[in-house]
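Novice: Okay, here's what each chain looks like letter by letter:
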Amino acid sequence: MSETVAAALAAACRRHFGAAARIEALHRESGGASRQTWSFDALVGDRRHALILRRDPPAAAGHDKASTTALDRATEFHVLRAAYQAGVRAPEPLFELAAADGLGEGFVMRRVGGIAIARKLLRDAPYAAARPRITGQLGEIMARIHAVDIATLPALERRDAAGQIANLRATLDMLDQPQPVFELALSWLDRRKPPSTAAPVLVHGDYRTGNYLVDETGVTAILDWEGAHLGDPVEDLGWLCVKSWRFGAIDKPAAGFGSREELWRAYERAGGAAVDPARAHWWEVFGTVRWGVICMTQAWRHLSGTVKSMELASIGRRAVETQVDLLQLLKEAR
Amino acid sequence: MAQDRPTAAELLAAIADFLRDEATPALDKSEPRLGFQMRVAVNALAILEREARLGPAADAREQARLAGLLGRDGTLADLNRGLARQLRDGGRDESDTALMAHLDATIADKIAIANPKWK
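For the record, the sequence lines run as chains U and Y.
Residues in the first sequence are numbered consecutively from 0, following numbering that gives the first Met the number 0.
Residues in the second sequence are numbered consecutively from 0, following numbering that gives the first Met the number 0.
Honestly, the hints are just simulated from the structure, not real lab data.
C-beta atoms are modelled at their ideal positions from N, C-alpha and C, and glycine is treated no differently.
Heads up, a few of these hints could be off.
Output of the computed footprint for chain Y on chain U, the stretches with three or more beta carbons under 8 Å from beta carbons of chain Y [what the hints assert, rightly or not]:
# : region
1 : 3-14
2 : 100-113
The calculated PhoX-like cross-link candidates involving lysine-lysine, where the alpha carbons are at most 25 Å apart (straight line), are [said to hold, decoys possible]:
# : chain 1 : residue 1 : chain 2 : residue 2
3 : U       : Lys192    : U       : Lys330
4 : U       : Lys330    : Y       : Lys28
5 : Y       : Lys118    : U       : Lys251
6 : Y       : Lys116    : U       : Lys251
7 : U       : Lys330    : Y       : Lys118
One chain only, chain U, in its complex shape:
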């Protein structure tokens, strides 16, 4: 498969750079059958461009959707471009694939240094100096995302609290595996839901450890924009503090690196709206249910026969982790 991808990328890069391109060091980075990330270098003249291809292969497009709410690659490209141009620390998007490239739907962006692996970031020596900075940097960058001018964005769905609750309930009904703790938490959320924000902002939608890169100096780029939508900025703040993203560092709610207050103050200093702790808690509880339902949905992709994957199947047994956390969160709130 690599040879086919390399030949197609050479043609696409030639079109973009306006000169012959040689493709080197091409390899698959991660991702499932439907959403692939490839790393490669394009040699154009005497310049070497370090690049990333993000694509849905032709056969998979529209077939195995990991989520019904995920953006297609073209929309993701345009969101990333708007964010990058607004000064958000994100990979620079270069160009979209054309149908004639035969690579499916996707785009090419510049490769940014750093890693996204939580257990290394939390424990390994090279990141010791970066660790105390990460919470503040995540707060600052998030404020920049929320400040992106909506007029520069492609058409995005607006999602408020009520709609998101309805969406998770519909997913639970589709899965048809009764989950009393999720139902309890969703009803608790429903009774306390915050009103829709008067001025919806660009919400990243999956702002958490695993979706940003860090090097020795700190956060280098925010990745994975396919969950972007318009809505309540506090949604991103709550999601980042969901316990599942602490990877064992449970006493540091902000992604395992700092306190909620430290995150909120950095967000506010960078121009983000003042954070209401109750609203942030609401979105953290919501995010915990959301991750639990995503665990069930991931397993369902295997169980329904859409994709055969032991890894996805295993994630189904992680849903109960969020149920432990939800019972704890609801107790603290009483």
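Based on these hints, arrange chain Y on the given structure of chain U.
Specialist: Then chain Y, alone, in the frame of chain U:
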């Protein structure tokens, strides 16, 4: 008819130990991507080992509590469906101490099988 030993749990533990201690290190050297997948498999086998040991009693306790809570008999799935419906409709909420005791006990049993290290 009773099966001979090893029991299901004993056999699953033996498989998991072999894959973890012997197969995984070899894979890590030759094929790191498969080494990662093997860790996922070993973790899943460990869940099954705990489920074989703890699952039947946990299910029986859950079913008995649910029957008491709902005041009727039924299969575990049927009773959970009934409780889930009441929780969605607002027929019960977190102020119900018997409900919360049931959920605490159920989730404690489930996490003891799925991931006892979770905290």
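Novice: Now tell me, hint by hint, if it's right for this structure.
Specialist: Each hint, compared with the structure:
Check result for the region 3-14 of chain U against chain Y: violated, 0 residues qualifying (beta carbon to beta carbon below 8 Å, three or more required). For a cut-off of 8 Å, the count of residues in the region 100-113 of chain U with a CB near a CB of chain Y stands at 0, and the three-residue condition is violated. This hinted pair checks out: Lys192 of chain U and Lys330 of chain U have alpha carbons roughly 18 Å apart, not beyond 25 Å. At roughly 46 Å between alpha-carbon atoms, Lys330 of chain U and Lys28 of chain Y are farther apart than 25 Å, so this suggested pair is violated.
Proposed proximity of Lys118 of chain Y and Lys251 of chain U is supported: the alpha carbons are some 13 Å apart, at most 25 Å. With a C-alpha separation of about 18 Å, the suggested pairing of Lys116 of chain Y with Lys251 of chain U holds against the 25 Å cut-off. At most 25 Å may separate the alpha-carbon atoms for a hinted pair to count; Lys330 of chain U and Lys118 of chain Y meet this at roughly 15 Å.
The structure fails to meet hints 1, 2, 4 from the earlier list, while all remaining hints are met.
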